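K.L.:
Spelled out from the first residue to the last, the chains are:
There are 4 protein chains.
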Amino acid sequence: MSRKLRMGMIGGGIGAFIGAVHRIAAGIDGQIELVCGALDIDPERAVQAGKELYLDPARSYRTYDEMFEKESQLPADQRMDFVTIVTPNFVHFDPAKKALEHGFHVVCEKPMTFSTDEALELDRLVKETGLTFALAHTYTGYPMVKQARDMIKAGELGKIRKVVVEYPQGWLSTPLEQTGQQQAAWRTDPKKSGKAGSVGDIGTHAENLAETITGLHVTELSADVTKFVEGRMLDDDANVLLRFENGAKGVLHCSQIAAGEENALNIRVYGEKGGIQWHQHDPNTMYVKWLDKPMEVYRTGNGYMGEAAAAHTRTPAGHPEGYLEAFANIYRGFTKTVQAKISGSKVDPVYSDFPSTHEGVRGMKFIDAVIESGEKNAAWVKLD
Amino acid sequence: MSRKLRMGMIGGGIGAFIGAVHRIAAGIDGQIELVCGALDIDPERAVQAGKELYLDPARSYRTYDEMFEKESQLPADQRMDFVTIVTPNFVHFDPAKKALEHGFHVVCEKPMTFSTDEALELDRLVKETGLTFALAHTYTGYPMVKQARDMIKAGELGKIRKVVVEYPQGWLSTPLEQTGQQQAAWRTDPKKSGKAGSVGDIGTHAENLAETITGLHVTELSADVTKFVEGRMLDDDANVLLRFENGAKGVLHCSQIAAGEENALNIRVYGEKGGIQWHQHDPNTMYVKWLDKPMEVYRTGNGYMGEAAAAHTRTPAGHPEGYLEAFANIYRGFTKTVQAKISGSKVDPVYSDFPSTHEGVRGMKFIDAVIESGEKNAAWVKLD
Amino acid sequence: MSRKLRMGMIGGGIGAFIGAVHRIAAGIDGQIELVCGALDIDPERAVQAGKELYLDPARSYRTYDEMFEKESQLPADQRMDFVTIVTPNFVHFDPAKKALEHGFHVVCEKPMTFSTDEALELDRLVKETGLTFALAHTYTGYPMVKQARDMIKAGELGKIRKVVVEYPQGWLSTPLEQTGQQQAAWRTDPKKSGKAGSVGDIGTHAENLAETITGLHVTELSADVTKFVEGRMLDDDANVLLRFENGAKGVLHCSQIAAGEENALNIRVYGEKGGIQWHQHDPNTMYVKWLDKPMEVYRTGNGYMGEAAAAHTRTPAGHPEGYLEAFANIYRGFTKTVQAKISGSKVDPVYSDFPSTHEGVRGMKFIDAVIESGEKNAAWVKLD
Amino acid sequence: MSRKLRMGMIGGGIGAFIGAVHRIAAGIDGQIELVCGALDIDPERAVQAGKELYLDPARSYRTYDEMFEKESQLPADQRMDFVTIVTPNFVHFDPAKKALEHGFHVVCEKPMTFSTDEALELDRLVKETGLTFALAHTYTGYPMVKQARDMIKAGELGKIRKVVVEYPQGWLSTPLEQTGQQQAAWRTDPKKSGKAGSVGDIGTHAENLAETITGLHVTELSADVTKFVEGRMLDDDANVLLRFENGAKGVLHCSQIAAGEENALNIRVYGEKGGIQWHQHDPNTMYVKWLDKPMEVYRTGNGYMGEAAAAHTRTPAGHPEGYLEAFANIYRGFTKTVQAKISGSKVDPVYSDFPSTHEGVRGMKFIDAVIESGEKNAAWVKLD
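Residue numbers (this note's numbering), protein chains in the order written: chain A, 64 to 447; chain B, 64 to 447; chain C, 64 to 447; chain D, 64 to 447.
No lab work stands behind these hints: they were computed from the structure.
Fair warning: there could be bad hints in the mix.
Since the list gives no way to pick out one identical chain from another, each pair is judged satisfied if it fits inside one copy or across any two copies.
Listed below are the simulated SDA-like cross-link pairs for lysine to any residue, each with C-alpha atoms no more than 20 Å apart in a straight line [as the list claims (entries may be wrong)]: (1) Lys67 <-> Tyr117; (2) Lys356 <-> Ile215; (3) Lys160 <-> Asp180; (4) Lys356 <-> His344; (5) Lys67 <-> Asp119.
Keep in mind the model is a prediction, meaning the values are calculated, not measured.
Whenever a hint applies, use it, and build me the whole structure from the sequences.
P.N.:
If you want it as structure tokens, here you go:
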């Protein structure tokens with residue numbers, strides 16, 4: 064018999080967008096309860112945030128160091144099971160490392176770390192400790208993404224030849240960071256965001272989506288990286304040529320200056336026998352194209368969907384699920400995995416496909432390669 | 064300072080579709096916890112369901128009568144605040160009435176009751192007791208539906224002339240109820256579902272959507288009601304002409320035999336100056352048409368959206384929200400209203416627009432009128 | 064060996080929309096040349112129009128009576144073969160009748176006549192004379208409409224149960240006819256348009272589309288007919304319940320006050336096994352829905368398309384064809400039929416499916432029934 | 064007073080796809096008549112083709128050399144005015160050059176020539192002779208493409224930053240050329256098609272569309288060019304990074320192995336203030352995106368459309384026009400220009416925007432650059 068997991072949260076206090084999203088996603092299936100947090104870098108604000116979230120004041124900590132220390136001392140049946148890290152990029156590695164060292168499982172925002180070395184260290188730590196680590200590449204939580212991945216894995220499209228993956232946004236078309244807008248400010252600040260802007264924030268999602276769906280690694284890329292908005296310190300646009308391990312070719316482009324676009328992440332994959340097309344604005348639909356018969360429109364919730372997609376769908380066909388449910392799918396896989404460890408049972412493999420440190424390392428290597436290629440006038444750079 | 068509300072659930076045990084949906088919707092905002100239930104008509108199954116939902120075994124009741132009795136005796140700081148009723152139609156009225164009589168707020172599935180008289184009695188009871196009652200007309204929880212309603216109310220489309228509202232489904236194209244499928248079985252059984260099949264199950268959603276968005280009552284209708292599948296005891300299709308209080312005309316059609324359709328609820332409203340179009344398969348989008356300028360595409364999460372839509376949106380533009388979030392919006396309005404009553408404060412009117420017994424009575428009158436018109440070869444029947 | 068046909072035109076002079084459309088449609092396949100015309104009721108304007116169309120001045124007639132007389136006297140190898148009638152409704156019958164009496168084939172605008180009696184007389188005359196008569200129900204010229212018809216005829220959807228056909232327009236949302244706009248003026252004038260406004264102008268297209276695609280006659284209807292715009296003399300909106308000969312039910316609605324709509328003719332047909340959906344704004348696409356497999360998207364120009372659709376497609380898949388090509392398909396069928404008569408050969412049946420007087424009679428009966436039902440508060444009226 | 068133009072055709076005989084398309088496009092507006100041709104490289108087949116097109120046998124020539132000679136000797140009021148060249152790529156230059164030298168205007172298929180030198184020579188000849196030359200970059204004939212161009216030119220989107228242009232096809236996913244399919248055979252044969260496969264056949268359309276709409280030249284590109292199908296002699300896929308003269312960046316990709324795609328040419332352009340999106344599968348629609356207001360959907364035929372788009376639209380809003388009408392727009396511009404030269408009047412500039420030798424030269428330079436870059440592992444190559 065399993066039990067609910069106890070979650071602690073680092074960051075995600077008042078006004079933080081992604082913290083609220085994590086709490087909803089974690090709560091959707093009724094298997095997780097928030098028990099503690101170090102919700103803000105400002106202790107006052109942290110306490111206030113704890114109140115609004117109905118936290119026991121004793122467990123609304125001022126720092127994550129304090130949280131790890133105090134929680135570790137609690138009896139096993141009260142202690143938090145895992146920590147969710149929803150801070151800006153430069154505060155991912157340290158709390159993640161400490162969490163693992165204190166024996167806590169981890170859910171972490173992406174990009175996983177500030178540097179590839181850090182990513183490799185987390186990867187190593189996870190293997191060493193046997194703890195569970197989920198990385199919030201939310202979009203691969205969509206049931207239709209799993210369907211695409213499984214159809215390609217089963218060879219339904221034949222050998223993959225071409226991939227087009229895009230993540231256009233328009234919200235940074237103007238120097239929004241200069242207005243004090245918080246989301247824009249840290250994302251365009253190299254000290255908080257790292258060496259990459261759009262490439263780290265959304266380019267990695269595109270890369271992760273492409274590698275997840277095709278099951279193929281990008282081995283080489285050539286990137287034209289641009290800062291369009293005057294005064295901006297990090298890239299806000301990148302156009303990237305991709306080469307995959309099996310000889311497939313691809314295009315990836317991401318942008319924060321594609322005026323009027325929302326979060327238009329989408330992918331097309333073409334194989335020798337057919338192609339698929341998926342767009343996150345309409346995530347319950349996938350277009351499957353064939354050489355010599357009509358295009359098919361796959362829709363979640365229908366009987367013809369595969370096992371993985373079905374397992375990650377909560378409503379009947381025609382009742383749309385969205386981003387929060389995709390996010391909840393990451394949490395569901397993580398939760399079932401941790402619950403299985405606790406109860407000594409085995410997790411159904413259909414749930415153990417959530418992104419983890421492997422994907423985190425890939426993302427960091429992708430960032431390195433794109434930025435390096437960009438600096439070398441789009442010279443080819445290899446990803447190992 | 065508000066507190067989490069404590070929810071009890073009637074019905075919604077193992078294998079029940081809509082119970083799980085209510086639990087997710089109730090849980091999304093972290094303001095409600097499930098504390099007790101009478102989860103199944105079969106006591107064994109009820110207990111098992113309680114375990115799976117981590118209920119305190121002492122509060123996993125065998126019947127709702129027992130639940131009302133026992134919960135009433137608990138101290139005020141433990142007792143459930145409200146009950147959610149997710150049983151088939153014929154078990155809505157009795158528990159709802161008893162809940163109100165015991166002082167519990169109510170969330171209830173639709174159609175609200177078995178008969179219009181029952182609906183009127185609940186309406187009266189709610190007024191009498193001052194308790195809060197939410198009816199699960201989920202679709203009006205979508206932010207874009209609120210946007211449409213507010214734009215029409217503000218006169219942006221001019222005087223409304225024509226309404227086309229549709230709810231096509233295809234899942235009962237075959238005699239599915241004869242295979243033992245549970246959802247099909249009770250919905251096609253007059254003893255459990257009432258006098259209407261498709262008209263009660265989905266036609267009322269269409270009616271509710273049209274009246275909510277336009278702010279206009281249907282005053283008269285003419286309905287061609289059909290049982291297409293041999294042996295079926297209730298209607299599986301209806302085509303209805305509508306006349307509204309302001310002289311507008313309309314068409315409503317609902318079907319369970321529209322082969323290949325999922326839950327394709329959609330509406331178009333035309334006024335003297337413009338029109339709107341909304342489809343629940345793509346619920347974050349609304350098309351706004353004008354006499355002499357380009358059609359506009361409204362999308363949730365953008366700055367130009369109105370106050371009500373914005374208040375009921377949880378993610379930024381381009382991160383789709385769906386059915387569960389719409390449902391959660393019903394719960395959010397209900398919760399904020401109850402919390403305000405508890406704390407003696409006032410609820411922000413932007414949240415007090417959830418469907419209640421008024422909408423429940425309208426739905427029952429609509430069912431009566433459609434069925435009567437159908438029996439009279441589509442004669443006009445008035446709704447008062 | 065066939066030869067080009069020689070066309071004469073009645074109406075369609077300067078500024079006339081539909082005349083230009085007919086000339087393009089007639090010319091597309093290089094099988095028809097315009098040789099004469101009575102292009103305007105005003106002789107001066109008729110002459111000027113003839114000049115602009117490079118007509119031999121001797122064959123630019125002042126009246127159609129003159130045209131019939133003079134053309135009849137020309138040698139057989141110069142004489143026009145057929146006449147195209149593109150005048151307002153009240154000037155269809157007389158020239159059509161005279162053309163047939165003089166031995167000329169006819170292409171005529173719809174609705175075919177002013178009254179059903181006239182329609183029946185033309186039908187009789189065509190049978191008597193053995194001449195060819197094409198009625199400009201353009202929309203059934205679309206290849207995808209033929210595909211739908213053929214799939215239904217072949218039983219792919221099973222027995223038809225439900226039809227939804229719509230023709231919303233918004234261009235008459237205001238009293239445009241009072242501004243002197245010519246197209247609006249005659250269409251809203253009972254003396255020129257007949258007893259019906261929107262019902263005759265576009266409702267008949269919807270009726271024709273539904274009957275053509277399903278192969279089923281409407282046997283009974285109930286219509287709520289409205290004049291929304293103050294001062295308008297003919298209906299600008301109608302909502303109609305349909306019953307078909309096989310027991311299928313349907314909804315037809317047409318409107319000229321659906322603000323912001325262009326020519327949004329569309330149809331959905333549901334059978335026991337599947338459904339189809341087609342919209343003339345995207346005419347090369349048809350959605351085919353199934354009970355238990357993914358929806359298919361049929362697209363013109365592909366190898367899987369049926370014989371009739373393929374024969375009426377001029378470009379490869381992905382190169383859109385539109386309204387003019389659909390119109391040209393009516394002319395192509397007509398032309399091949401007349402050429403076959405001239406050369407004594409047989410026309411390929413794939414081309415002899417253009418609308419003729421049978422469809423013209425159906426349209427007039429439909430108008431009669433809708434208007435009668437409207438006047439009787441939507442009482443059921445039979446069509447024989 | 065203008066007169067019809069007399070057209071001669073080179074190539075385009077029996078079974079030729081593009082010849083028939085040209086004849087329809089030339090004929091649509093009733094301003095051109097086909098008077099002669101050298102319709103096939105095989106004299107027998109040429110004669111047969113002439114018969115089917117109702118050509119005067121005396122003017123159905125065996126070779127284009129004969130055609131130029133004989134037509135030149137005819138009286139001015141019978142002689143052809145212009146020649147349309149619809150042969151494979153390697154037979155464009157010679158007849159075009161000779162036509163110009165004989166004083167005939169020219170309509171020519173694209174890519175304009177086999178080499179850039181030839182292109183430059185034609186460009187020079189056209190300037191020298193003052194004759195009119197139209198190049199069949201059909202897609203820029205769409206009214207909505209003109210609308211996009213004019214809105215960008217007027218600064219409505221602000222300074223252009225990013226361009227994404229795609230032309231995916233799937234028809235050569237298999238070695239179709241090895242089956243004897245004629246269209247595939249010559250297009251994949253370097254002797255007939257030139258140094259480029261997909262890049263010449265469709266990549267040039269994408270390049271032409273991007274440069275036409277933005278009014279910007281590509282100054283530099285980096286191309287990953289691939290032959291995916293075993294045994295194929297020319298590229299069937301290319302992914303290209305673009306840099307424009309004003310600092311804008313872009314992505315262009317074209318493919319003949321994008322399985323299941325038809326002719327999915329599409330473009331997105333983003334400026335500082337907004338963006339546009341157009342797809343040739345739905346050519347009468349353009350999405351216009353803004354930083355802070357709802358996306359607008361422009362549709363041809365509406366009153367808000369600009370002058371150029373309006374002038375190139377033949378049907379009212381909602382009656383779709385397609386590829387053939389876009390093609391006819393090229394012919395219309397060409398025709399009006401030639402007619403003006405003949406009558407000594409001036410052509411309305413709204414019609415003189417058809418592609419000519421300038422675009423032909425740009426296309427050849429684009430081919431050179433892409434192929435060179437591909438051979439140098441996607442090194443940057445400049446276009447002057």
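K.L.:
Now look at each hint and say whether the structure bears it out.
P.N.:
Going down the list of hints, with the structure as the test:
1. Lys67 <-> Tyr117: both (17 Å within a copy, 8 Å between copies)
2. Lys356 <-> Ile215: Classified as both: same-chain Cα gap 18 Å, cross-chain 19 Å, threshold 20 Å.
3. Lys160 <-> Asp180: within (13 Å within a copy, 64 Å between copies)
4. Lys356 <-> His344: between (26 Å within a copy, 18 Å between copies)
5. Lys67 <-> Asp119: Cα proximity of lysine 67 and aspartate 119: in one copy and across copies (17 Å, 13 Å).
Violated hints: none; the structure is consistent with every hint.
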